[in-house]
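Chains as they are written, first to last, in the numbering used here: chain B, 1 to 304; chain G, 1 to 451.
If you're looking for bench data, these hints aren't it; they were derived computationally from the structure. Be aware that a few hints might be false.
[Unchecked claim] From chain B, some residues computed to sit far from chain G (all C-beta separations above 10 angstroms):
id	residue
1	LEU27
2	GLU58
3	GLY155
[As the list claims (entries may be wrong)] EDC-like, lysine to aspartate or glutamate: derived pairs with alpha carbons at most 20 angstroms apart:
id	chain 1	residue 1	chain 2	residue 2
4	G	LYS110	B	ASP123
5	G	LYS130	B	GLU120
6	G	LYS137	G	GLU90
7	G	LYS110	B	GLU120
8	G	LYS110	G	ASP68
9	B	LYS106	G	GLU90
10	G	LYS392	B	ASP123
11	G	LYS345	B	GLU212
12	G	LYS130	G	GLU90
[Claimed, not checked] Reference listing, derived: stretches of chain B covered by chain G, where coverage requires no fewer than 3 residues with Cβ under 8 angstroms from a Cβ of chain G:
id	stretch
13	158-166
14	177-184
By construction, the Cβ of each residue, glycine as well, lies at the ideal position given by its N, Cα and C atoms.
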Amino acid sequence: MVRFVERKWWYFAFSGLLIVPGLIFLLLGGLKPGIEFKGGTLLDVRFDTPPTVAEVTEVMAGLGRREAVIQVAEGGRIEIRTLEMKVEEQVAAEAALRAKFGANMKDVNPQVVSPSFSGELIDNAVRSIALASVLIVLLIAFAFRNFGWAAFRYGIAAIISLLHDAAVVLGFFAILGYFFNVEIDSLFVTAVLTIIGFSVHDTIVVFDRIRENLRLNPGEALNPVINFSIMQTLARSVITSLTVVLTLLALYLFGGFSMRNFALALLVGIVSGTYSSIFNASQIISLWQEVEDRLRHRATPSPA
Amino acid sequence: MRLSSWLVAIVAVLAIFVDIPKHQFSFPFNCPGVCVKIGDFQVNQEIKTHLGLDLQGGTQLVLQLQFDKLPPGSNATQSELQTQAIRVIENRINSLGVSEPVIQGLGTDKILLELPGVDDLQQANDVATKQAFLEVKVPDPADPTKYKSLEPPLTGADLNPNGVYVTFQSGTKPVVHFEFKGAASDRWVQISKDYLNKPVQITLDGKDVSAPVIQTVFTSGVGIIEGNFTTKSANELAIQLKSGSLPVPLAVIQSSRVEPTLGRDSVNRSIVAGAIGLLLVAFFMVAYYRLPGAIAVLALLYYTALTYAVFRLVPVTLTLAGIAGFILSIGMAVDANVLTFERLKEELRSGKSLRAAVEEGRRRAFPSILYSNLATIMTAGVLFWFGTGTVKGFALTLAIGVGVSFFTAVVVTQMLLHAAIEVSSLRRRRLYGVEEKAPETRAAGAPVAAV
């Protein structure tokens with residue numbers, strides 16, 4: 001029997017190890033908003049053989065775009081980021097790039113978001129996160145409706161583990177943003193919400209089993225029941241994640257370039273969700289029970 | 001066969017039928033897709049895969065209606081102005097001959113415009129934002145160097161659309177010919193009498209286009225706009241005048257353009273990614289679960305065919321993010337099977353007969369399957385509600401995928417499992433990943449006693 005519950009502090013510590021560095025970079029402002037959230041221009045330029053960053057910088061400087069940030073991206077592409085460009089400026093930029101690079105440049109795919117619109121996109125993202133959180137809590141309440149008074153602690157534990165997963169992904173992207181300028185967009189928010197949905201149901205499956213086993217074994221202590229329940233659901237948790245991870249890996253490695261970071265966020269979140277549902281969620285229930293027992297013990301001292 | 005088996009079979013045939021590219025046949029007979037006509041109820045749905053702009057190439061604009069730039073005193077509501085603006089843009093786009101454009105209101109103050117195959121950003125921008133407000137102004141008696149509006153104003157709203165076209169002056173110089181209709185026509189003639197030998201100004205969006213001196217009294221409501229036109233710009237102006245002016249100034253607040261070759265590249269990459277994902281999952285399922293795994297793979301193929309058919313029928317416009325949702329849902333679709341098979345194994349290990357174990361596995365896995373699907377559909381619902389563009393596409397395909405997978409996991413997998421255990425050679429326990437002889441006979445769920 002694997003001692004899932006007894007080693008809970010090790011597992012909590014491992015989670016801390018995953019989350020704390022991410023949180024530090026989060027506080028350092030590592031999470032970089034993409035043009036969707038701050039406004040601006042992204043020119044996705046495809047080449048047969050990509051030129052040097054210096055060459056592109058020169059062209060952009062010739063257009064008076066000294067703020068342009070130029071990055072080499074996979075697939076023979078160069079990404080140019082500037083402040084918002086009017087349509088005329090985009091046309092001029094394309095013409096200037098064409099004049100410089102000729103047939104070596106395959107095409108320019110511009111995307112522009114006005115700063116006035118990005119505020120609205122941020123509002124939308126915040127609103128969807130808020131509504132999703134409310135619905136998730138309702139779903140948890142519904143799933144644990146037969147748990148009686150214990151429903152509350154199961155719900156809290158499920159919420160803590162979904163916060164864990166959100167923190168891991170946010171932290172991961174804060175680190176990527178800090179070191180590699182990876183930006184977040186509405187697809188990133190989508191990924192986080194999808195992860196939360198996945199994480200919650202993963203946790204519910206384990207909790208459901210704990211409840212079933214508690215009912216079948218009245219009088220049994222909580223910790224052994226939790227250990228056994230995790231064992232029983234372990235294969236399912238791991239295999240389901242594995243199939244999702246396999247499809248995401250295919251998407252990450254072979255899918256469209258603009259889906260890469262999206263697939264990566266989902267990958268990290270799904271793996272974290274599986275970890276938290278096996279190694280954190282039930283352990284929180286166990287910890288809760290232990291604390292409660294200790295408090296009760298203190299409140300009614302034994303007659304001896 | 002039971003009723004549900006028939007249902008599964010019929011759905012499979014229909015799905016494959018819908019999935020086959022349309023040019024290979026038409027249904028019922030000479031109609032490209034589904035055509036139903038019962039009394040007033042008519043459906044004419046072409047069956048095809050709708051690709052979003054990021055996959056087929058084209059230009060997308062989000063336009064902000066600038067109500068603060070309206071002249072004071074106009075009393076149309078925001079949504080009325082939005083509807084008018086949409087109609088004007090629609091007319092203009094139709095004159096350009098763009099196939100399958102999307103023009104829709106976002107809220108009451110924005111318009112989404114998608115122009116598949118349009119690669120000329122400037123043209124798209126002009127179609128959407130050139131107001132084309134034509135007005136005739138006459139010399140101001142108070143200050144002869146200035147012009148003033150007539151009372152009531154004589155504007156492009158009074159033009160006869162059929163009278164607006166491009167002609168060539170002295171054979172080569174393009175000019176725009178116009179014609180006022182009804183009472184405005186008479187006013188135009190009257191102006192030529194009132195202001196004979198004086199200049200009359202024609203303005204476009206508040207700017208002076210031409211100010212010809214009237215040399216003869218007109219006999220009809222016809223006139224010409226001269227300017228430094230090229231044939232192209234004269235044509236564009238003619239289209240804009242014909243379609244009417246935009247009732248409110250518009251500004252582009254988001255634009256994106258994807259070249260068709262990039263779109264094609266993305267489609268190819270997505271197909272490869274989806275196929276590899278499907279193969280990896282199939283390989284893993286068979287390796288791990290043996291016979292039930294193979295059944296799950298069949299169910300997964302069924303799932304893929306059916307989901308794609310739903311996309312083609314609804315129709316769902318597939319975008320890159322949408323395909324990502326679809327591929328992700330393949331991985332998630334397996335979950336329901338995994339839940340069932342893990343239960344099945346457990347029940348078998350506890351000593352139940354194959355048939356009882358299959359039944360018990362289904363019954364006990366069902367609540368978990370329901371919750372997992374509910375959780376995902378709820379998330380997808382929120383994303384669809386608040387999301388824009390890409391996010392909506394992802395949410396929609398994910399939700400459809402999860403919905404279909406619920407059907408395949410609960411109905412199709414079960415049907416196949418039940419069919420399999422009726423075949424005697426498929427009844428060996430080893431095929432289900434369990435030892436031939438049950439090693440222990442304790443009841444499932446009484447495990448703690450063994451600790």
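Tested hints:
For LEU27 (chain B), the shortest C-beta to C-beta distance to chain G comes to about 27 angstroms, beyond the 10 angstroms cut-off, and the non-interface label holds. Chain G leaves GLU58 (chain B) outside its interface by the beta-carbon criterion, the shortest separation being 23 angstroms against a cut-off of 10 angstroms. For GLY155 (chain B), the requirement that its beta carbon stay farther than 10 angstroms from each beta carbon of chain G is met, with the minimum near 14 angstroms. Of the pairs offered as hints, the one joining LYS110 (chain G) and ASP123 (chain B) holds, with about 16 angstroms between alpha carbons and a cut-off of 20 angstroms not exceeded.
The straight-line distance between the Cα atoms of LYS130 (chain G) and GLU120 (chain B) is roughly 25 angstroms, outside the 20 angstroms bound, and the hint therefore fails. In summary, the hint linking LYS137 (chain G) to GLU90 (chain G) is not supported, as the alpha carbons are separated by about 29 angstroms, beyond the 20 angstroms threshold. Only pairs whose Cα atoms come within 20 angstroms are accepted, and LYS110 (chain G) paired with GLU120 (chain B) is accepted, the gap being roughly 12 angstroms. Using a Cα cut-off of 20 angstroms, the hinted pair LYS110 (chain G) and ASP68 (chain G) holds, with the two alpha carbons roughly 14 angstroms apart.
A threshold of 20 angstroms between alpha carbons decides the hint, and for LYS106 (chain B) with GLU90 (chain G) the separation of about 32 angstroms lies outside it, so the pair is violated. Taking the CA atoms of LYS392 (chain G) and ASP123 (chain B), the gap is about 16 angstroms. The hint holds against a cut of 20 angstroms. Distance check on the hinted pair: LYS345 (chain G) and GLU212 (chain B) sit about 18 angstroms apart at the alpha-carbon level, within 20 angstroms; holds. Restraint check for LYS130 (chain G) and GLU90 (chain G): the C-alpha separation of about 14 angstroms stays at or below 20 angstroms, so the hint holds.
Only residues whose C-beta sits within less than 8 angstroms of a C-beta in chain G count toward coverage, and the stretch 158-166 of chain B has 0 of them, not enough to reach three; the restraint is violated. Check on the stretch 177-184 of chain B: 0 of its residues sit with their Cβ under 8 angstroms from a Cβ of chain G, so the three-residue criterion for coverage is violated.
The structure is inconsistent with the numbered hints 5, 6, 9, 13, 14, although it conforms to all the rest.
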